[in-house]
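Residue numbers (our numbering): 8 to 408.
One thing to keep in mind: the hints can contain errors.
With a Cα cut of at most 30 angstroms, we get these calculated DSS-like pairs of lysine-lysine [to be verified]:
1) K400 x K266
2) K305 x K321
3) K271 x K228
4) K334 x K321
5) K305 x K400
6) K168 x K228
7) K266 x K168
8) K228 x K264
9) K400 x K296
10) K253 x K400
11) K334 x K266
12) K228 x K321
FRET-style restraints, in silico, Cβ to Cβ [claimed, not checked]:
13) A38 x N335: 26 to 34 angstroms
14) I310 x R30: 54 to 62 angstroms
15) A28 x P365: 16 to 24 angstroms
To be clear, the hints were calculated from the coordinates, so they are not data collected in a lab. Heads up, the beta-carbon is just placed ideally off N, CA and C, and yes, glycines get one too.
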Amino acid sequence: MNTERLRYLINRYSIAEITPAERQELYALMAEPGFAASVTEDMKDSFFSMQEHPEWNNELAEKYWTAIKQVLQTEEPVRTKIHFLRRPWIKYAAAILLITGISTYLWNKNTSERSETVWVQPIKKDIPPGGQRALLTLADGSTIVLDSAANGQLAMQGNSKVIKLDDGQLIYSEGQPIPSHGGVVSPNGETGVGSVQRLTTNTMSTPRGGQYQLTLSDGTKVWLNAASSITYPTAFTANNRTVQIKGEAYFEVSQNKLKPFIVKSGDNEITVLGTSFNINAYGDEPVFKTSLIEGAIKVNNKIIQPGQAYVSGKIINTNIQQDIAWKNGGFDFTDITIAEAARQISRWYDVEIQFDGPAPQVKITGGFHRSVTLQGLLKGIDGEFAHFRLVGKVLHIKALS
């Protein structure tokens with residue numbers, strides 16, 4: 008089998024530019040015995056972005072079932088409840104949802120347990136998923152639209168270069184030491200020979216339907232979820248490293264025992280030395296939640312251990328995989344209500360949610376890749392009977408009696 012040709016066809020399919028003739032050629036290659044062995048890692052990843060196509064029906068899904076299972080290296084039976092981030096389920100679940108376009112059919116086909124299905128009223132105009140979108144506000148108040156900015160150095164802030172990498176993420180890299188004698192600082196925080204360094208702060212904010220990755224000047228990595236913001240110094244010159252967030256962010260903090268890392272969100276304060284944790288501080292969520300993946304943190308003077316979360320004053324055990332599903336490119340709707348899932352859907356697909364009548368309270372289940380379209384996601388939700396109807400940018404949800 009011509010691996011390069013297969014890669015070309017898969018990539019064409021994944022960006023929705025494949026011709027009818029090329030699509031038939033791809034289907035024929037997938038049916039060949041050597042298909043699974045010819046698929047490389049980069050080809051597997053391309054499957055995740057494939058959009059639904061009318062020709063992907065149940066018959067085709069059955070035909071390619073064995074090949075897909077071999078590609079994703081799983082011999083496990085399909086289960087209704089998907090723990091999205093517990094490998095090998097992540098690649099398996101995403102591929103089936105995105106390639107076949109018949110998620111509920113496949114999840115329920117091989118389970119002995121009967122589960123109810125959410126019936127989706129046809130959406131004439133589908134909503135694409137979110138992506139890498141963010142706005143950077145510099146020290147002088149000027150802004151840079153990061154998703155459309157060219158790669159390379161974008162600005163000089165204080166003593167730090169602001170650089171956009173080829174993969175889209177933003178990093179701050181400290182330059183040469185600045186002399187401490189004489190000089191002035193320009194209004195936008197830029198410095199030069201004979202100048203003195205001053206504290207400059209930047210703010211990165213994501214819109215609804217956007218997310219972004221940032222590396223601070225100390226090496227700390229930050230993933231910012233949709234409708235969120237983080238304000239931070241361009242260089243950490245004080246005896247601590249303090250940032251402020253709104254919305255949701257995941258941190259991998261660079262260790263520095265002499266400079267504790269502090270995150271402030273509203274009235275809450277999280278102190279760490281070096282660890283990984285997630286903060287959910289959306290204004291429309293009923294609780295403030297900080298989940299610890301590894302290391303140790305102190306939230307409002309309470310010590311949190313890995314696998315635990317601080318939830319509005321209480322320490323509880325938490326499902327870490329579910330808490331950070333967004334950071335790993337997924338939705339994990341295990342054992343949550345449609346109302347809870349709707350808030351995540353609203354932020355990622357930039358739609359307003361309106362419940363026509365009481366909000367459904369029965370819990371749902373399901374795991375989905377964030378690259379699926381809105382209609383693709385709704386078709387796979389499994390739980391209480393409900394109608395979904397999209398009017399403009401408003402998603403109406405109505406429980407069925």
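Query raised in the report: Are the Cα positions of K305 and K321 separated by 30 angstroms at most?
Result: At roughly 12 angstroms apart (the allowed maximum being 30 angstroms), K321 and K305 satisfy the hint.
**Report entry** K271 paired with K228 [C-alpha distance capped at 30 angstroms]
**Finding:** holds (16 angstroms)
Query raised in the report: Regarding the pair K168 and K228, is the alpha-carbon distance no greater than 30 angstroms?
Result: Between K168 and K228 the Cα gap is close to 16 angstroms, so the pair holds against 30 angstroms.
Query raised in the report: Honestly, do A38 and N335 meet the 26 to 34 angstroms range at C-beta?
Result: holds (32 angstroms)
Query raised in the report: Under the criterion that the straight-line Cα-Cα distance not exceed 30 angstroms, is the pair K334, K321 satisfied?
Result: Holds, at roughly 24 angstroms.
Query raised in the report: Taking only the CA atoms, is the gap from K228 to K264 under or equal to 30 angstroms?
Result: holds (17 angstroms)
Query - Proposed proximity, K266 with K334 (alpha carbon, max 30 angstroms) - result: Cα-Cα ~26 angstroms, so holds.
Report task. Could you see if the CB distance from A28 to P365 stays within 16 to 24 angstroms? Result -> Given about 51 angstroms between the Cβ atoms, the range is violated.
Query raised in the report: If you draw a straight line from the CA of K266 to the CA of K168, is it 30 angstroms or shorter?
Result: holds (22 angstroms)
Report task. Indicate whether the distance between the beta carbons of I310 and R30 respects the range 54 to 62 angstroms. Result -> Roughly 56 angstroms apart at Cβ, these two residues keep to the hinted range, so it holds.
Query - Satisfaction of hint between K266 and K400, Cα-Cα up to 30 angstroms - result: Violated: K400 and K266 sit about 45 angstroms apart, past 30 angstroms.
**Report entry** Satisfaction of hint between K400 and K253, Cα-Cα up to 30 angstroms
**Finding:** Roughly 24 angstroms separates the two Cα atoms, so the pair holds.
Consistency note: the structure conflicts with the earlier hints numbered 1, 5, 15.
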